[in-house]
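J.: Chain by chain, the residues:
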Amino acid sequence: MSLTISQARLHELLNVLVTAGSGDYDVRVRLEENEDALLDVELGINYLLDDLIDRRDQNEAQEEELLTRARQLARQQDELVQALSTPVIVAWPGVLALPLVGRIDDARAATITSVLLERVAAERATHVIVDLTGVAAIAGPTLPALLRMVRAIGLLGAQCLLTGIRADVAPQIVALCDAEIHVRALAQLSDALALVLAEKGALGQPHK
Amino acid sequence: MPFLYEEATTPQGKPLLRITARDEVTLADAESLGARIEEGAPNHRWRILSIVEKGTEYSAGARKYFPSLQPKYGAIAVVVTSPIVRAAINMMMRLTGQAPNLHLFTTEAEGLAWLDGLEI
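Protein chains in written order, with this note's numbering: chain A, 1 to 208; chain B, 209 to 328.
Accuracy of the hints is not assured; some may be wrong.
[Claimed, not checked] Only some residues are given here: those of chain B computed to face chain A with a beta carbon under 7 Å:
1) PRO279
2) PRO291
3) ILE292
4) ALA295
5) ASN298
Hints were generated in silico from the structure; no laboratory data involved. For every residue, glycine included, the Cβ atom is placed at its ideal position computed from N, Cα and C.
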């Protein structure tokens, strides 16, 4: 079977293929009522382009869905990390304990301050024990932020006690402390709790 | 409506579903045909004469759906005069694979004669 094809049709077909090859799938072969086998090829190319658009749309929809899911997971993860990074415990009525673990940077220090001050006000706390035993490192500029937190706790009428201060952090605290910050430091969280309970006259009394 | 249905008989008096197709046939249109020839539906396994007018187009969804109808009709004679529409139907037939109960004709009389000659 031989087929005579006009230059114009061949040119049109190639143009469509080149355009589609560059990523534009909206292009179509212009069909005319030609009674020949090339018409099947022209139509087949148009159908193929329809399918490519369908698949592209499906891919884009799936990608959007995955992105939405990833954003949702990231948000949930942030909320979880935030909750775990500031585990404020009511050790005794009016006594809050905050055992910190891991590295503390500026952002985390800001979160800790915000959460803790909110809890101090809500619990009408008289004492806050911040335990640094599990803190691996405190970023250089972050220590002042923690000390500002101690000062803010004092402004709310509560007393702050630091426990578990590492040997390499102690000199930094000394260098940064001024006369207005009164930091009481003890070796262990249990020491601080015993001290606070003794001050409150709660040792040896049943918990009400 | 791209599909116009009419229940009729062949010249030899056999039940015939006559369909006139025009404009753009969508997936919903194709599914409406599927519902008519579904097992238990009134036109299941009937002879079908489909007159497809020039300019009729098939959406991608309809094109993919049509091959699934093959076991639901007795036979389809498609009468088509437009080369473009014929090419479209040929393409769907290629998707179907073998479709011995579907034939293309250029006149209604040829299609009806073929349908009358079939044992279904």
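J.: Next step is simple, just say for each hint if it's right about the structure.
T.: Structure-based check of all given hints:
Hint status for B:PRO279 relative to chain A: violated, with the closest Cβ pair at about 24 Å, above 7 Å. Residue-level restraint check for B:PRO291 holds (minimum Cβ-Cβ distance to chain A is 5 Å; threshold 7 Å). For B:ILE292, the interface hint holds, since its Cβ comes within 7 Å of a Cβ in chain A; the closest pair sits about 5 Å apart. With a cut of 7 Å, the hint placing B:ALA295 at the interface with chain A holds, because the nearest CB-to-CB distance is about 5 Å.
Taking 7 Å as the C-beta cut-off, the interface hint given for B:ASN298 holds, the closest approach to chain A being about 6 Å.
Hint 1 from the list above is the single one not met by this structure.
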